[in-house]
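Read top to bottom, the protein sequences are chains A and B.
In case it helps, this note's numbering puts the first sequence at residues -3 to 338.
In case it helps, this note's numbering puts the second sequence at residues -1 to 224.
Mixed in with the good hints there might be a few duds.
[Claimed, not checked] Derived DSS-like pairs: lysine-lysine, alpha-carbon spacing no greater than 30 Å straight-line:
# : chain 1 : residue 1 : chain 2 : residue 2
1 : A       : K323      : B       : K55
2 : A       : K94       : A       : K153
3 : B       : K169      : A       : K283
4 : B       : K169      : A       : K153
5 : B       : K10       : A       : K172
6 : A       : K179      : A       : K219
7 : B       : K197      : A       : K283
8 : B       : K87       : A       : K298
9 : B       : K10       : A       : K283
Note that these hints are calculated values from the structure, not bench results.
Since this is a predicted model, take the numbers as computed values, not measurements.
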Amino acid sequence: MTTGMDRLAAAIKGERSDRIPVFCNLLDQGARELGMSSQEYFSKGEHVAEAQLRMREKYGYDNVWALFYIGREAELLGCKEIMYAEDGPPSVADFVIKSNDDVSKLEVPADITDHPAFAEELNCFRMLRSEVGGSYPICAYVTSAMALPSMLMGMDKWMELLFLGPADVRDELLGKCHEFFVKETRAYREAGADLLFYSSPFGSTDVVPLEFLMSTSLPWIKKDVEAVGTPGLVYMGAMSRITNVIDLVIRETGIGAFYLSPFDDVAEAKEVVAGRALACGIFNDIKLIDWSAREIRDEVRKLIDAGKPGGRFAFGTMLMPLAIPEKSIRAMLEAAFESGSY
Amino acid sequence: MTDVTTIERTIKEYNEAVFDTDRDRALEVVHAALERGVTPEEIVFKVVLPAMDRMIKSISEAFDTSLAQQYMTAQIADSVVTEMIPGFKRAPQVGGRVVIGSAEGDLHSLGKRIVIGCLRARMIEVTDLGVNVPPERFVDEAVAHDASIIGISAMMVHTARGPNGSLGVRKILRERGLEDRIKIVVGGAPYRYDHDLYKTVQADAWAEDGVTAGGIIADLAEGVRT
Chain A
-3 MTTGMDRLAA
7 AIKGERSDRI
17 PVFCNLLDQG
27 ARELGMSSQE
37 YFSKGEHVAE
47 AQLRMREKYG
57 YDNVWALFYI
67 GREAELLGCK
77 EIMYAEDGPP
87 SVADFVIKSN
97 DDVSKLEVPA
107 DITDHPAFAE
117 ELNCFRMLRS
127 EVGGSYPICA
137 YVTSAMALPS
147 MLMGMDKWME
157 LLFLGPADVR
167 DELLGKCHEF
177 FVKETRAYRE
187 AGADLLFYSS
197 PFGSTDVVPL
207 EFLMSTSLPW
217 IKKDVEAVGT
227 PGLVYMGAMS
237 RITNVIDLVI
247 RETGIGAFYL
257 SPFDDVAEAK
267 EVVAGRALAC
277 GIFNDIKLID
287 WSAREIRDEV
297 RKLIDAGKPG
307 GRFAFGTMLM
317 PLAIPEKSIR
327 AMLEAAFESG
337 SY
Chain B
-1 MTDVTTIERT
9 IKEYNEAVFD
19 TDRDRALEVV
29 HAALERGVTP
39 EEIVFKVVLP
49 AMDRMIKSIS
59 EAFDTSLAQQ
69 YMTAQIADSV
79 VTEMIPGFKR
89 APQVGGRVVI
99 GSAEGDLHSL
109 GKRIVIGCLR
119 ARMIEVTDLG
129 VNVPPERFVD
139 EAVAHDASII
149 GISAMMVHTA
159 RGPNGSLGVR
169 KILRERGLED
179 RIKIVVGGAP
189 YRYDHDLYKT
199 VQADAWAEDG
209 VTAGGIIADL
219 AEGVRT
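Excised from the complex, chain A in its bound form (with noise of 0.2 Å):
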């Protein structure tokens, strides 16, 4: 039977298996199909893990994701309040940096994974990799260095130190930030996590203009990728377009896997790869909620037609929100089956 990791290996050596890989991102749905409250299911990694293998099970797509909840990084930092929701996902409700006075009082811990937070994952991981291990690719998510000040303070206070300063302040927030990163990519991948999406939005010109990007942004993200290594590494704009930097990051960087957002074009992204990378081409997940099945038959085919020909491409969702209508899922998960079918 031909497995998830076996759709990936090939499409990343730019061969053929019997259909695309499908990722599908379903994170806050796991609670509903345990039948708990979201505080509830979060609490336990092996909750985690066993909705994640029952969701791929059910649906047949080819992933499985070992992170609970964006946000989930600032309680390894300090974050003492989770905001839960029985209709969506969890927020950060505090940040852990309320003036730049906090900023040095900020500590990175020795060792990520002596934190409770942590243990949880770890657990999550030991299930997910007992069950399907070697099978079905285990995802990590992964905030930048450059990112993660957003969420210890707040995107507006993050972007009003960021552009005004006091550098001073700043640089050493991203240094401890930078610090983190690697500590976290090292301990996931020390847990079994295959791929680990890079969440780079300050690498995206949709969120700061080009000349701040190559000034600032590319040398934060150069020292993450160099200090961890590329093995595994998705680069993602956290959903900003990408296609104008992905041949920036492959010069720079050596990153392999391209993380689209729905609002770049796939073919041309396709093109500036140029057979370079993996492509995942993202599907807009948050149309599912009141398309038909028409509807979503008929875009998921255009998005797979962009990205198909020449190979070395993966379809993608964001992270589907819960109103998604069970039978929605199932729509687009059979059209990106028979679509992205050799």
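Start from chain A and add chain B according to the hints.
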């Protein structure tokens, strides 16, 4: 009236500073212009507000305009206008009143801050209700401040579509017979992925980004007043 060359030079230098996200340089340009005899009114109406309109045009024509540029445009415009108003020969007319906040359950504030900066620069009175705002509070504060617009920011699908966001505000406006007096404008990531979503959540208008929202809200506030 300042000569055309001085104004044109100020506009060019200010626009460059804003597009480079360089607040200090933008303020230097403004201060140098004042020394050359450009009036505070000219700074606001011929330099700052046209720069915001230029950015809206750039965004709508899909030129490269980043989130950081929008944020800095709003912050710079807000600071400059706040500094210029005391120097006006006549106090400017208030362009409308707006209450704005992030929907209940939503703790994001960047988009809201961009909108607020742009509205203040347009001399619209803005009351910032903060984040995680229940629908009742949106309406109560709008009534208390005699606001004609409620701005609701939502960065997550469930806070945009849920019953305690725009839908909840609409319900209360309807129940209290306030729909003619107060309009709802929404914005945030989910609306960018689904351009019809504002209709689903029964808002009157939406905007793709914070700078554009400033223009849309200002126009809508003017429409409600007249």
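(message) Tell me the numbers of any earlier hints that the structure contravenes, in ascending order.
(response) 1, 4, 5, 8 and 9
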